[in-house]
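Engineer: In the order they appear, the protein sequences are chains W and C. Mapping of the first sequence onto the numbering used here: residues 1 to 81, in sequence order. Mapping of the second sequence onto the numbering used here: residues 82 to 335, in sequence order.
Please keep in mind that the hints were generated in silico from the structure rather than gathered at the bench. You can take every hint at face value.
Here are some chain C residues pointing at chain W (derived, C-beta under 8 Å): (1) Ile137; (2) Leu208; (3) Ala216; (4) Gly217; (5) Gly218; (6) Ala224; (7) Ile231; (8) Val317; (9) Met320; (10) Ile321.
The calculated lysine-lysine pairs, modelled on DSS-like cross-linking and capped at a C-alpha distance of 27 Å, are: (11) Lys78(W) / Lys83(C); (12) Lys272(C) / Lys129(C); (13) Lys24(W) / Lys83(C); (14) Lys129(C) / Lys116(C); (15) Lys104(C) / Lys116(C); (16) Lys78(W) / Lys24(W); (17) Lys78(W) / Lys84(C); (18) Lys24(W) / Lys84(C).
Here are a few chain W residues that face chain C, going by a calculated C-beta distance under 7 Å: (19) Pro50; (20) Asp51; (21) Thr55; (22) Ala58; (23) Val59; (24) Gly62; (25) Val63; (26) Val66; (27) Ile70.
Predicted model, so just to flag it, every value in this text is computed and none were measured. Every residue gets a Cβ at the ideal spot worked out from N, C-alpha and C, and that includes glycine.
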Amino acid sequence: MNWTLNLVLLTFLVGTAFAMIMLKDLLAAAVVFSAYSLIMAIMWSQLRAPDLALTEAAVGAGVTTVLFVITIFRTVRKENR
Amino acid sequence: MKKLFVILALAALGVVLLWVVGKMPEMGDSRTPDKTHVVPRYIEDGVKEAGAENLITDVILNYRGYDTMGEVAVIFSALCAVIALLDREKRGVSRSAVDASQVRSSRIVRVTVRILFPVIFLFAVYLILHGENSAGGGFQGGAVIGASIIVFTLVFTLIESTRDIPLTLRVILESLSVLTFLAVGFIGVFKGVEFLTYILPGLSPGVAGALRSQVFMMSIEIAIGVAVGAIFTSIVFAMIKEENFELEPHIPEP
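For reference, chain C alone in the conformation it holds in the complex:
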């Protein structure tokens, strides 16, 4: 009976979804979202108004700067939650759950990661620095940085090396994105324009690719990249720390 109800509900949902898809305008139609509402303005004036050649970067960092600041704050709060739950004591002291000499990751994996790690890291830096002109940007680059460090950690149990990074530096790196956003926002306020205005009075706007119209977006982009990489790494480090980790998978009593 319950199963029948579930199937009926799913079928109804499927019918509704297909019906809506049938109502959508054809690709290239003049009623598609990219030709209505606010999008034509982004496409026509985005480069001039926002300053980056990649329109997606224009929208994310400039037109929708508040949203991005909120997202960055969300990622930061996720890290805060993980630390509050898992990593309350002795945050700076992190020892690997696994003795490095006991690691038995296969030689193929180790050699592959050793060769690929610098390439992945370089690609991440490229993504961050070229987010203005091509696909990519701070978040994507930061995620790739985080992923590369995490892979390196998982294969080589490099977590012991986090002891060498002072806790203060880690905290600064993790909170860099929110702080930079606020700093850039308030520079505008002190200059007499609205919060998060990148093009200040006195600077001529709208030369795509010119450094002066990009310098604020660039600094935010780099800050987001560094912070996202640091936050992802810190979350995984907090989860695999020794005092929170039982090597034997925990099996509850039946």
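So here's chain W without its partners, still in its complex pose:
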């Protein structure tokens, strides 16, 4: 099928996943997690699961990111080492 698009998406998916682990700035990690969810939503629609894609986009990319950001602002921004 559309394997070039899938290849690009999967590459970005792995990239964002690694960036999320490596980042020490939690706010940046939350934003990267939002991007990860957005790519995942496109992947779901590519896999013909539009219901899951809608959930992922609304909950993963939207509400969860807001909750993370609020939590970060109420606690600490940097990860302890």
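Model the placement of chain C on the given structure of chain W, informed by the hints.
Structural biologist: Relative to the frame of chain W, chain C by itself:
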């Protein structure tokens, strides 16, 4: 040493996962899950038995109605936990953590949200009402409703307006989904069939798209949408309330 152990463990896990992927049947093979077990019945008889054209809605609300009721209860308990931790006192009185006149969100953001908000909200209502026939449904629509209200709140600090919504109404909206599920379930029980049977005796089953075979699923769908939207909004409102909020990010002493 520890690092080496972690790398070895991850490599072993990767090998196992790849091995399992290699064992999986090819796409379109007759051994794939969509051609075995219970799925063929869903595909062939789902519309007739459950009443909605979208098979996913059939499975979620009808065949797996208990699971969905449990999930709805889980979301509700999450809200209860947040309120118990953060919002114990004066739940009805919520004032914004930020003075609305002091907000400095950029004009581009404000104009974008103002234009997009009605469109997003309309899309959410469409998702809820058309979950029977196309992709979407109560949970997705409710999540989009919640997200749209949250975005509006973050940009315009609209949290003061929650004072205008009576606490009783908010509680009713939040608990609507569980209550509707129970009500629909017990209607069946009182009519002499099993809990959560949507097609009651006396009603002819199985006309896809006919209102009478969908009316229970429809009411549950709308209830889930409203409740999920209200719960998501309430969680975020509880988290950004003034008395729980320190504007300066809290930095612990080293």
